[in-house]
Amino acid sequence: MEDIEHIEKEIQLVDANGRRRDGRRLDELRPIKVEAGVLKRADGSAYVEWGGNRVLAAVYGPREAHPRHLQDPSRALVQCRYNMAPFSVSDRKRPGPDRRSVEISKVVSEAFTAVVFTEQFPRTSVDIFIEVLQADAGTRCAGITAAAVALADAGIPMRDLVASVASGKIAGQVALDLDKEEDNFGDADCPMAVVPRTGEIVLLQMDGHLTESEFDQAMRYSMDAAKRIYEMQKDALRRRYAVTALEAEAAGPGVTA
Amino acid sequence: MSSEVISALMREHIVKLVASGKRADGRGPEETRPLTIEKNYIKTAEGSARVRLGNTDVLVGVKISTGEPYPDTPNSGVLTTSAELVPLASPTFESGPPRPEAIELARVVDRGIRETKTVDMEKLCITRGEKVWVLFIDIHALDYDGNLFDAASYGTLSALSCAKLPGRMVGGEDQPLPIQHWPVSVTAAKIRDKIVFDPALDEERIADARLTVDTDENGDVRAMQKGLSGSFQYDEVRYVISTARRLGNGIRETIRA
Chain R
55 MEDIEHIEKE IQLVDANGRR RDGRRLDELR PIKVEAGVLK RADGSAYVEW
105 GGNRVLAAVY GPREAHPRHL QDPSRALVQC RYNMAPFSVS DRKRPGPDRR
155 SVEISKVVSE AFTAVVFTEQ FPRTSVDIFI EVLQADAGTR CAGITAAAVA
205 LADAGIPMRD LVASVASGKI AGQVALDLDK EEDNFGDADC PMAVVPRTGE
255 IVLLQMDGHL TESEFDQAMR YSMDAAKRIY EMQKDALRRR YAVTALEAEA
305 AGPGVTA
Chain X
13 MSSEVISALM REHIVKLVAS GKRADGRGPE ETRPLTIEKN YIKTAEGSAR
63 VRLGNTDVLV GVKISTGEPY PDTPNSGVLT TSAELVPLAS PTFESGPPRP
113 EAIELARVVD RGIRETKTVD MEKLCITRGE KVWVLFIDIH ALDYDGNLFD
163 AASYGTLSAL SCAKLPGRMV GGEDQPLPIQ HWPVSVTAAK IRDKIVFDPA
213 LDEERIADAR LTVDTDENGD VRAMQKGLSG SFQYDEVRYV ISTARRLGNG
263 IRETIRA
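Those sequence lines, one after another, are chains R and X.
Adding 54 to a residue's 1-based position in the first sequence gives its number in the numbering used here.
Adding 12 to a residue's 1-based position in the second sequence gives its number in the numbering used here.
Note that these hints are calculated values from the structure, not bench results.
No experiment lies behind these values; they were computed from the predicted model shown.
Only true hints are included.
Chain R regions said to be covered by chain X (calculated; three or more residues, Cβ under 8 Å):
1. 102-113
2. 138-146
Far from chain X, by Cβ distances over 10 Å, these chain R residues were calculated:
3. Q227
4. L291
5. V297
With a straight-line cut-off of 27 Å between C-alpha atoms, the simulated BS3-like cross-links for lysine-lysine are:
6. R:K288 <-> R:K94
7. X:K135 <-> X:K51
8. R:K94 <-> X:K34
9. X:K176 <-> X:K129
10. X:K206 <-> X:K28
11. X:K206 <-> X:K34
12. R:K281 <-> R:K234
13. R:K87 <-> R:K160
14. X:K176 <-> X:K51
15. X:K51 <-> R:K87
16. X:K28 <-> R:K94
17. R:K94 <-> X:K55
18. R:K234 <-> X:K51
19. R:K234 <-> X:K176
20. X:K55 <-> X:K176
21. R:K234 <-> R:K87
22. X:K238 <-> X:K28
23. R:K288 <-> R:K87
24. R:K87 <-> X:K55
25. R:K234 <-> X:K55
26. X:K51 <-> R:K94
Using N, Cα and C, we set each Cβ at its ideal position, and we do this for glycine too.
Could you build the full structure based on these sequences and the hints that come with them?
In structure tokens, the structure reads:
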């Protein structure tokens, strides 16, 4: 691994002008593309490209909850499965859940339980599947951002969408939305998810080292970026259903979307 | 492949259509669905392809590393094929260890390329008995609308055809994989006494028998797999083979393009 030592010495994450390796400023997001309704079989779906991340999310339900002993007679379960394709990372990942994906699946399930009107669908399950096709750091945030759009696309009643983004610390400075290189050689990473309309934080994780003021700065970056992501999510849904409305119009009178 | 319920009405409808030489989606019995292939879809993989066959959507990634050869083939690279039928792709797919359906899919695709010597495995030897190239083919179903066998097979051949042996692992230049044959799989479904090609989901669900035939660029048969509980007459098998050969030629052009 003499390679890595070499890179660590050479790599400069932020230059003298406050620009990062890909030219971004510290408070800048990578390019993000959100698309709603991309899969046929799923009740709702979305695709997110976020820098080098490519993530699909599908929602099925409300449907019968499995395993059945988990059924709650008073509300729906929200169950998420986060999964990485074996080819999504540089060293092939063994197929199936590992400890990391189990943990991510759990906290994402909990995040969405906070916004879905679960009491409307007792005994059922709303199943969210996040598939990471290509990973470039920030996959859970891209996955949550996609899953929120997929839930809306599936017509699941929710208090609001959920927008997610991470901030961290690179070269001693707080920065928004770390890419893979920055994550590997950075000092901290702090993914969060927020309900934009209410400001409720429904997911928060952190690893690394941040002072209190650095943490405040990171949250300011993330909160602000979440608003921009929220607009992209709504925009994707509008595009999806504007098309449907046009199609209905073209189909002639008496046909409603 | 699924335990999904299909209504008696739909079943009768499809049977009647097929009996009169028609199909629910307007295709002729020997007509395959539109095929689109995006090669090099995943940047974290050494080779990849996203294939859409109608609404069926499959992503195949090839990961390549170096490793030890098997003792009985010290001169030859190693090839492993796995398939994940992730629950994102269909309401009937469940998470958990691979089910027989996924294992059959992976093995049929594997046979299609292994037995045909699609990749010249001897050229994947780096140091005899010590170090060879190891290929992992991972089939990731994204949207299941029938005939995963063919979609996965086209995805695999496409991904192999654009895969690069990573030169950095052996201190050299990237090299294309030594591809020497172009086997193409074509699947037929038998519904009562009629045969249709590239079955859509509803056709697959009510089919009595299924036959997958791999033919190569010389028109020779390289692999076959019969599935489901029904049966074929010998002249039906011959009909499927000759049609698979003819359809395969067009599909091969698309894959090689």
